[in-house]
Amino acid sequence: MDDARGSALLETRNLCRSFGGVSATRDVSIRLAPGELHAVIGPNGAGKSTLVNLLSGELAPSSGTVHLAGEDVTRLPVHARVKHGIARSFQRTNIFKDMTALENVRLAAQAVHATPGSLFRSAWRARDLVSRAQTALARAGLEDRSAAIAGTLSHGAQRQLEIAMTLATSPKVLLLDEPLAGMGQEEGLRISALLKALSKDHAILLIEHDMDFVFKVADWMTVLVEGAVLAEGTPDAVRTNAAVRRAYLGAQR
Amino acid sequence: MNEQTRLLPHSRLGWLLLAALLACLVAAPHFVSIYHTELITTAMIAAMLALSLQLLVGGTGLVSLGHGAFYGLAAYVVYLISPEAAARPIWQTLPAAMLVAGLAALLVGSLSLRTKGFFFLMVTLAFGQMIFFVFHDTKLGGGTDGAYLGKPLIQAFGASLDLPRRQRPLGPYYVALIQLTLMYVGLALLMRSLFGRILEGIRANEHRMRAIGFDTYRYKLTTFVIAGMLAGASGHMWAMHRGFVNPELISWHKSAEALLMILLGGLGSLAGPIVGALAYTALGEFSQLVTERKLLVEGLVILAVVLVLPRGLTGLARRRKAAELGPDG
Amino acid sequence: MNLLAQLLNGLQYGLLLFLIASGLTLVFGVLGVINLAHGSLFMVGAYLAYVIAKTTGALWLALPAGLIGGIMLGAGLERFLFRHFYHREHLDQVLLTFALILLFEEGRSFLLGNDFHSVPVPALFDFSIPVAPGFSYSAYRFFVIGCCLALGAALYLWIERTRMGAIIRAAAEKPEMVDVIGIDARRVHMVVFAIGTALAVIAGALAAPLYSVYPGIGDGFLIISFVVVVIGGLGSVSGAFWSALLIGMVDTLGKAYMPAVAGLAIYVLMAAVLLVRPSGLFGQRA
Amino acid sequence: MTHMTKGTLSRRKLIKGAAALTAATAVPTGWAIAQAKPLKVGLMLPYSGTFAQLGENITHAIEMVIAERNGKFGGREIQIIKLDDESKPELGPQNADRMVKRDNVDVLIGTVHSGVQLGIHKVVKESGTLCIVPNAGAVGVTRELCAKNVFRMSFSNWQPAYGMGLALGKRGVKKAAWITWDYAAGAESGAGFKEGLEKAGGQVVATLTLKFPETNFQPLLAQIPGLGVEAVGAFFAGGGAVQFVKEYAAAGIKVPLCGSGFLTEGVLGPQGAAAEGVETALHYGDGIDNLKNTAFRAAFKAKAGREADVYAVQGYDSAQLLVIGLEAVKGNMEDEAGLYKAMRAAKIDSPRGPVSLSPSQDVVHNIYLRKATGGLNKVTGIAAEALADPGTGCKV
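Protein chains in written order, with the numbering used here: chain A, 1 to 253; chain B, 1 to 329; chain C, 1 to 286; chain D, 1 to 396.
Keep in mind that the hints were calculated from the coordinates and are not lab data.
Please note that the accuracy of each hint is not assured.
One-sided and incomplete, this derived list gives chain B residues near chain A with beta-carbon spacing under 7 Å [said to hold, decoys possible]:
no., residue
1, G14
2, A188
3, S193
4, L194
5, R203
6, N205
7, R210
8, A211
9, I212
10, G213
11, F214
12, D215
13, R218
14, Y219
Each residue gets a CB set at the ideal place from its N, CA and C atoms; glycine is no exception.
Can you build the whole structure from these sequences, using the hints too?
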């Protein structure tokens, strides 16, 4: 089954994490292939966000490893993982509210693309960073809002801005934590179109509660329950998996 | 309008006011007494200290209670490297003072920046007191009584500013003014640079900065060291001006005073600390004339500022302007 | 030979530090404010003992008076000042409490002057117990040790065995909790602040006969208490206990056996802890 | 802060009026103008903080001398300008600037705190303003830092402790310990104690110190029984001295305690029984039996409403020294050479006994041996007669 999906871009091996005596992640081994949109689902408290935090480097695992393109990145801190190509968005909108949309994204571009020698150049003259930022904004569908103060954008636009920020770091892997959270129908459609487009040239790990959406867009799914992998496979396989139905879907519907 | 740098004036009027302040300071010695000239020198030195701390507080969102230590340390460096009864040229004393202050900031910063919030406050305070005790409890710099420099003449390249006694205060005055101006310009450029944008990002949301790939610890440490060195420049000037060092220069009350100047002047601008330092010095001089209970006046003024004027004096000007221009101003 | 005496000194000093630091760490942990004026509260206690001893001659009255007065002072400060600063920036909290220091000092100067006063040891304990050849230990110091231990035990029981204690423990670990508990929050805040204040005031009252009272007495204790809290870990009362004892011992033994470096010893200790565990030896989070 | 007592203020008004009158009637020469102007005497002393009472006593004594001379020294009206230095060393230079540059005082009398003194010293050395030290004992002021316009009428930290050490040695003490705060005054006293004791054949075998102004004496006291010394000398002052003497007694240490006189000066009341029998050395004490002292004490009590102390004596002598100088030059401060010469040669009949000045312009006086008895520092003898600070390194 692994071979069918090609070589893994991002991979975890026996990842565990506990808080105090409570295990939030148990022995999770997942693979994320290039160009794949991989959704992680599970009931509340299943350890989805913990998993994202372990992948992005915000949390260190109790045991197990994280590999990116074959390289062990388990010990790398968050900012170093970004430079290796792992970018994430947050479940609760996490942007620089007092800055313009452009500046939000420009900062993200700067993190990865500014040379140390240019640090003391005037920020307004860093054309290359601005154009990268504009590209990322355009990709996320915000090209006409670049001058707006981020905090004044609509909720949906702020979610798009989150994604634009991750894009500006030229990631290989996108970790998207509930990008649809709190969105209306129309905004949701916009984002799902965006995700589909993005999945062509990025590996995406998606956490999402909206099941209709997930089953529609995902190439591959992992079901987490109580921190452990209950099942994985294509959406169709997961939909018909008896254990999943029992443990999760049945409970939801 | 698009990319404003937060700590700099947002309008032409702001820059004009700054220029007017500079012009006043340039001209002041010709209009006021020797005593008041020296008083303004003291205020400008305090302004440099507050300005250097503003890089941390207003610029990066780091509230340090150990900043005064680098200031005092630098003053002691001038004392320690000055030969008895002779002056060392300023191109030796200034870099030496800044270097030592910077190294101390590197050491203190590398440890204390591992912590956040209250911990950072307490740890910087504790390390600052440690430096205080080094000079307070050892004979290194005259112990509790302090010590004074034989000849704190400002001297460069063999030529010293040998003015007649009446005009002698002019030397330190203009040197301090030049340093203050350079420091302002330097910090303004820094805040406008890519580096400054990082600091602004850290101040606004450090967690997010790490998540988009910034090694925030490194940038904070760099900033901490720069601020420490600038505090060192200020302390150096104090030693040059007053020719006297005492452990109290290092104590955490000095840091608290500098924070107060920042708050008094306004947290949101680089000019704030300068205005705050001038106002604070004037307040000290004034309360000295009217009451014995100077601490009472100081305490009440702080309370008033914290409770009523959280954006400081420059914030007052800004607020008025915003009101004139309407909500989008 | 003198080691026993020095260990007793370390124990007594450390326990006194614990009383001050435990209040600080609770207020940090649960309320999320930094109180630089905590040292002034200690000063209030010390001067309270001085005034009571001078006017009534019965120093023991300082203990109940310190407890009640401390609780009232703390509740008042919380209600009228600190409550409005929970969500303000650190800088505002720092300056507010710095202003309080100045006002407490000025008030003390206004009411009681600036002289150094010694406070007599209560007659009941005014004798010495020989602990080493040619060296005796004041009975009052044993009394202070006992008092501190009793208060520490009461604090422990309160935090470990009561409902409010459970809330406090939870809040110190997860500050968001305080908002979640809703209606109770105000009461919890006030109680914690009042207890923290009372502990500092009592510590000052107990310390008065040992260290005398003088302007700025609280300042030195404040800084050391910070070191105790940093080493002990934010919001951890048991952390504050062990760390206070550690600091008391290191400081005392340092002064006795390595006076040249004693002043720096506790700061070096703090630096070492920060290197290895930035969140403190007993802390949950940084 | 600059504030004046009501008496001086009204006097000042009178003087102003008088000066205006003179100006209206004649066109005086420059010298005459200077004479007509009152002589400004700046008192930079602590009027708040721990040392406030010292500053007040010094001020009372100076005002006594002014009153004795009907408000005139060497024919010049005296105008007092007071400034509270708060005993804050970091403000020292700036406060001295206020006196010298803003208020343009002709003479600066100050101060109590040694750290503040250094700040004053710095300013007056540069401006050349005449300065008389009424208390601060920092030895540097009349040693390597000495200046021709700076005189001290109090003591040097070295003197009392030297006297104590000498007295111990003469009595046959071979081994003693020294205990003090780790700061300049403690170290300078310690040096005096050591020199005095060694001069008489004894030895200081241990020096114990703690941070200034900490009062956690226990770790030090616990070491004393193990040292095998015959005497413990100490330098503490104010409340620290109270605490120390009490804890020394409470610790049940058998070794006799002695020290520089400040150990029991002005604090015998709170020290109570613990101080009984403690021997100290100082340039003043209770029961100095001379007419001058009796008259001085009575007059001081009448003015200040409390007993005179060593600080009052120092203030009194400071003003007396100024009188001698100004009378020699008839109030003409411009005649610096004459002024300083007269002051250097001064022989003062002080409440503390005969007082003169050393070549480094420091006070030369008797150091008395005293024993604390029933709340008084009873003088039991003279530890060192006409003792002068060595003045090492001074080139006036």
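Here is what the structure says about each hint:
For B:G14, the shortest C-beta to C-beta distance to chain A is roughly 18 Å, which exceeds 7 Å, and the interface hint is violated. Against a cut-off of 7 Å between C-beta atoms, the interface hint on B:A188 is violated, since the closest Cβ of chain A lies about 11 Å away. Because the closest C-beta pair between B:S193 and chain A is about 5 Å apart, less than 7 Å, the hint holds. Checking B:L194 against chain A: minimum C-beta separation of about 5 Å stays under 7 Å; hint holds.
About 10 Å separates the beta-carbon of B:R203 from the nearest beta-carbon of chain A, more than 7 Å, and the hint is not met. The beta carbon of B:N205 is positioned within 7 Å of a beta carbon in chain A (closest approach about 6 Å), and the interface hint is therefore held. Annotation: interface hint on B:R210 holds; nearest CB of chain A at approximately 5 Å, less than 7 Å. At its closest, the beta carbon of B:A211 sits 6 Å from a beta carbon of chain A; the interface hint therefore holds under the 7 Å criterion.
At a threshold of 7 Å, the smallest CB-CB gap from B:I212 to chain A is about 4 Å, leaving the interface hint in force. Interface restraint check for B:G213: the shortest CB-CB distance to chain A comes to about 3 Å, inside 7 Å, so the restraint holds. Interface restraint check: B:F214 against chain A, minimum CB-CB distance 5 Å, threshold 7 Å, status holds. For the restraint placing B:D215 at the interface with chain A, the shortest Cβ-Cβ distance is roughly 5 Å, inside the 7 Å limit, so the hint holds.
A distance limit of 7 Å between C-beta atoms decides the matter here; for B:R218 the minimum to chain A is near 9 Å, and the interface restraint is violated. At a threshold of 7 Å, the smallest CB-CB gap from B:Y219 to chain A is about 9 Å, leaving the interface hint violated.
Comparing the model with each earlier hint shows violations of hints 1, 2, 5, 13 and 14; every other hint is respected.
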